[in-house]
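Engineer: Whole structure, please, built from the sequences with the hints as guidance.
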Amino acid sequence: MSAVGTASAAAARPPLFEVRDLRVVFPGPAGGLEAVSGVDLSVDRGEVLAVVGESGSGKSVTMLAAMGLTGPAVKVTGSVKLDGEDYLGRPEALRRLRGKRMAMIFQDPMTALNPVMTVGAQITEMIRIHDRSVSQRQAMKKAVDLLALVAVPFPERRAAQYPHEFSGGMRQRAMIAMAMANDPEVLIADEPTTALDVTIQAQIIELLDGLRRERGLALVLITHDLGIVAGLADRVAILYAGRVVERAPVREAYYRPAHPYTASLLKALPSLEGDRGRLVPIDGSPPGLAARPPGCSFHPRCPIAVPRCSVERPALIAVGDHAAACHLADLSARTPLPMPAAGGAR
Amino acid sequence: MTDATLPAATPAVRRRRTRPQWLTLPVIIGIAIIAFWVIVAVTVPLWTPYDPLMIAGRRLQPPSAAHWLGTDALGRDVLVRTLYGARYSLPIAVIVVAVAVAIGSALGAIAGYLGGLADSVIMRLVDVTLAFPPILLAMAVTAALGPGLDNAAIAMVAVSWPVYARLMRAQVLSLRGREHVEAAIAAGASRPRVLIRHILPLAWSPTLVNATMDLGQIVLLAASLSFIGLGALPPTPEWGQMISEGAVHFYSWWIAFGPGMAILSMVLGFSFVGDGLRDLFDPRSGT
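Protein chains in written order, with my numbering: chain A, 1 to 346; chain B, 1001 to 1287.
Bear in mind the hints are in silico, worked out from the structure with no lab data behind them. Note that the structure is a prediction, hence the values are computed from the model and not measured. Heads up, the beta-carbon is just placed ideally off N, CA and C, and yes, glycines get one too. Be careful, since some hints might not be right.
Stated by the list, open to error - Below, a list of computed lysine to aspartate or glutamate pairs in the EDC-like style, where the Cα atoms sit at most 20 Å apart: (1) K75(A) - D21(A); (2) K81(A) - E92(A); (3) K100(A) - E85(A); (4) K81(A) - D183(A); (5) K75(A) - E1182(B); (6) K100(A) - E1182(B).
Unchecked claim - The following label-pair restraints were derived from C-beta to C-beta distances: (7) H224(A) - I1196(B): 34 to 40 Å; (8) A1102(B) - R157(A): 56 to 62 Å; (9) G231(A) - L1117(B): 32 to 38 Å; (10) T194(A) - I1028(B): 45 to 51 Å; (11) G28(A) - G1116(B): 15 to 21 Å; (12) P1026(B) - H224(A): 20 to 26 Å.
Structural biologist: Following this line, the structure appears as C-alpha cells:
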C-alpha cells in the first residue's frame, strides 16, 4: 500500500485505523455475491477520509463490515486494525470497541434514534454500556454537556425530550453527541447530511470539522456528495463496484483525477465558476453484484476504454500519495500541484 | 373577517379536544361494562342480601321482587350467584392472559430475534398448538390434569400462548432491521440489551390489543370448560357451571339467563375496548 496518513507519521507507526484487503461476501448463488472486493483504506488522527461512490458501490458495506455490523450470514475477510491491532473476526472485542473507540453516525437521524427513549437517556445509555461505574446522575450530567458540545440549545431541557420533539438537524446533533459520548478516536459518518436540508448540512459539516480539529478525531466520511468532500476531507477514496479505483489527496483528485470514473463524476457536477456548460452524465448504471463485468468493472461505461480494459483488471498503482486503478492512467509523469495561494488546505 | 370565521371553527376544535377519536360510543360502553364488573367483583360481599351458597328461598322460583332473577334448583338466588361469578371469571381471565402473554411474548421475541434453529423449534411448536381447536386442546389438557378451576387455567394458558408468540415474533422481526436498532448495536450494546431496551418497548401494541380481546375469550372458554364439567366444581357460583345446572331445568329459563348475560356482556365489553385500543395504537388499520 502506498504512503498513508500524514507524511511524517506514515513511516514511524501504523495509521490509527486501517482496513486492508477487505472482502465482503453476501450469501447468494455460486459461492455468494461479493459486494466489496479487496478494499484498502486508512485514516489517521485529525484526518478526514472521504469514501465516495455511487449507491451500491460498497462504501457503506465496507464500513459496516469494518465495524462488525454485517450479521452472521455475511462473510468478511481481510483485516481491520485499530492502532495496529486486528479486530476482524473477534465479535466480542469489536463490540467493546464500538461506541467506545470507534463510533458511527447514520444517514437518517429520523430513524436512528430510539423513539421511546428520551435523548438524554440514549446518550446516558451509550456512556453506561461501556463504563458501568458511572452513575446515572453523572452520566446524565455528561449527556447534557455533550448536547451543549454539539450546540443543542437548552441542553438540560432537550435531554429530557423524546426524538419526535427534535427537528432533523437537532436529531443529527443528538446522534453526534451520542457518538462522541465516550470520546472515540475514530468516527464513521455514513452520509451524515443526506437527510438534511442545505443550511443544516453546512452546520453539521462545520460541527464535524470542529470536533476533528479540537479532539483529533479520525473521521471517515461516507458520502456521494462531492461538494461536502471538497469542503471537509483531506483525502478521498473513490469506490466503484466494490473496489477502490482512485485514492488521492482531495486537491489532487479534484484538479487532476487520474481515473476516468473520477473525472466523469466531476464532469457530472455543476460548478459555480467558469462556463456553465451542459452537465455530462455517466451513461449506463453501475453493474449489479451478480453481474460484474470482467476486466475493469468500469469499462462498459468508460469514455476512453481500450480493448485491454475488458480483459485485464487494472491494479491499484500508487505513485506518492496518489493511487489509481486504470491501465491508461500514468501518474509517474506528474509534477506536484502548485500550492494554493491561501497557504494550503487547512 | 377573522372575527366572523372564528366562532364557526371553535366548536369543532373543542369537540376534538374533549373526546379523542378512538374514544367512540362502543369503547365507552365497553369501559363502562368492564368497570361495572370490576366494581362488582371487588365489593359484592358487602351489599348482597344473600350468600351465594345459601338457600334463599323456594326452589325454581321465577324472577320476583325478592329474587330478581329467580332461584335455582336448590333455592339459591340466581342474581347473587351471577354477581359472585365475576369473582371467579375476572381474575382467572386476567391471570390466564397475563401468563399467556408472558410465555408467548418471551418465546416469540427469542424466536424473532435469534432466528435460525430457535426460531424453527419455537414456531413449529406454535403451529402444532394452533392446529388444534382451542376448546378441544383445553379439554384434553384439563381431562389429563383433572377437573378444577386451577387446572382449567393451566389448560387455557396452554391454548392461548401461541398467538402471542406469533405476534411478538412478527413485531421483533420488523423492528430488528430498524436503523435505531442498528445504531444501538453500533454503540456497542449487547444482544440482550438491544432486544430488551431497543426492540421490546416498541413491540407491545398488537399484543396489548389482542390481550384485551382475549380477556373476553378466556371468560367464555372458562365458562365452556365449566359447562362440560371440566372447570369449576358444583357449589361454586361460576357462570359456566350455573348455565350447566340451568340446562338441566330447561323450562326454568332464568337460571341460565343471569350467567349467560354476564358472559355476553363481559365478552362484548372487552371486545369493544380492544377495538378502541387498536384504533388508538394503529389508526391506519381497520375501518
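Engineer: Against which earlier hints does the structure fall short, listed by number upward?
Structural biologist: 8, 9 and 12
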